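Peer 1: Sequence:
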Amino acid sequence: MIIQRPRGTRDFLPEETERRSQAKKAMQDVLERWGYREVATPTFEHLELFTIKSGASVIEEIYSFKDKGGRDLALRPELTAPVMRMFVSELQNSPKPQRLWYFGNCFRYERPQKGRFREFWQMGCELIGGSKPDSEAEAVALASRMLQSVGVSGDIHIGYLGLIRSILGKIPGEHRSSVMRMIDKKERDALATLLEEIGCSHFGLLELIDSKGESALDRAAQIVADWKPAQEAAAAAPEPVSANEAAAVTSSSSGRGSARQGRAVEAQLHLEEFVQTVDLLKAYGVNFTIDFEIVRGLEYYSGTVFEVYAEGLGAQRQICGGGTYELASLFGGKETSSTGFGLGFDRIMEIVQMNSSRPSPVFMAFTPDVKREAARIASRLRESVPVVMDVMGRGLKAQLKAAASAGADYAVIVGKDELDAGRLTLRDMSGGAQESLLIAEIEARLKAHFQDIC
RNA sequence: GCCGGGAUAGGGUAGUGGUUAUCCUGAGGGACUGUGGAUCCCUCGAGCUGGGUUCGAAUCCCGGUCCCGGCCCCA
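Numbering (the working numbering), first residue to last: 1 to 454.
Quick caveat, the hints were computed from the structure, so don't treat them as lab data. Source: prediction; values computed, not measured. Hints are not guaranteed to be accurate.
Unchecked claim - With beta-carbon atoms standing in for the labels, derived distance ranges:
1) Q434 x T17: 42 to 48 Å
2) V388 x S57: 49 to 55 Å
3) G69 x D134: 40 to 46 Å
4) A404 x K25: 47 to 53 Å
Virtual Cβ for every residue (Gly too), placed ideally from N, Cα, C.
Generate the whole structure from the sequences, applying the supplied hints.
Peer 2: Right, dumping it as structure tokens:
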């Protein structure tokens, strides 16, 4: 009986594995050119690491288990938390910034579908401890360059949480998380209704998330500017003037007015930060769309957030997500702002146009009586080029046939005649031309051939 | 967790309640005992799994597993 693969897992045959390592290599080269260094973390961690980061609800989708000592463990569902755990316990006192990258398999107990598996691979990086606008621009530009390196073009959408959090600050605490959730889920109508109900529809939140692209920045600036007259108006007029104007503030106390003023100033600072990120990103030559609707749901994101979408992936269009977050302190470390992103490697592989064309090894063909000499010659040649030898006990004819069907460009033939002459036969498999050459000559010839191809 | 479609030699397919068949590929042998992708012949190789109906099931029925697409979710 044949044992099947567990659900949502895959086998990668040589050709696909070759494609994957080529793509990984291309993106890895970009990371290394940007000064990032690879790290690796355990495949399983304490379950708590992930629930602290993402909440208890993720347990549903985690491969978690108790080990024989009764510990609650989990196969990692993502890599940011493990990398930040490692940072907090090992690297906190090392020079900043830390530029780290990773590539690893992750596991989620989900229903498989196009571009979604239970074991999947993430590639990503964390830029730890840098200052915001610069780190953010670097991260987005780096993600863009990595995708470019494998010929994938995606739509980059970048949002900014600083501003949205300022607005949230004006909203009663008990509603904040539902507001965030609705933005994230794009439940626009429900959001409008809720904001109306709690009297917060005038802060410009809907306007902000509705505007996309270049104009979104001006819109945002306008919204922040509108809060200033609001303070003056609030000081002068105790009653809201109009429900549609930012001037319509429900409070009349000067104490709360100054709190608002504080927030407006803060929001303005935030906005300036974001403007710097955007400017720098333009300098990097990256194409992107400003989209304040990108909020990435979670509490620990604090600054710029971004996502990249690609066509041709059905329902799973997102191939990259990231942003600036505060996680170090969640894991017991010092407050450290970091920016990072993860790429969905498997989704990228679905759309990447890459043909693996690794040249087939040289075929060492020999007659049975000179097997030992053939093995020695093969070893010598392997110092410069890939060589395979028959292990099927085939005759010379069958070996050459096998070499041809394996796509070998060259065969080296050795038998008694060759040994007597002190020269080997080099056969060009494409035309069938043969030459009698010294081993050093063959080595040089083959070496040159492989260098041409690779 | 929900909805739909699937599973037949290594890979494609067709078909039928009664030694299935076909295309490609692979292995072994032969035409051909130191020179290849050809051709021909022979052999090997299959119906996801567990149960039921039946004299007989790869085929009909029921569970399960896995795959594909979508919903939910997506750190």
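Peer 1: So, for every hint listed, does it hold in this structure?
Peer 2: Evaluated hints:
no.	hint	result
1	Q434 x T17: 42 to 48 Å	34 Å, violated
2	V388 x S57: 49 to 55 Å	52 Å, holds
3	G69 x D134: 40 to 46 Å	45 Å, holds
4	A404 x K25: 47 to 53 Å	30 Å, violated
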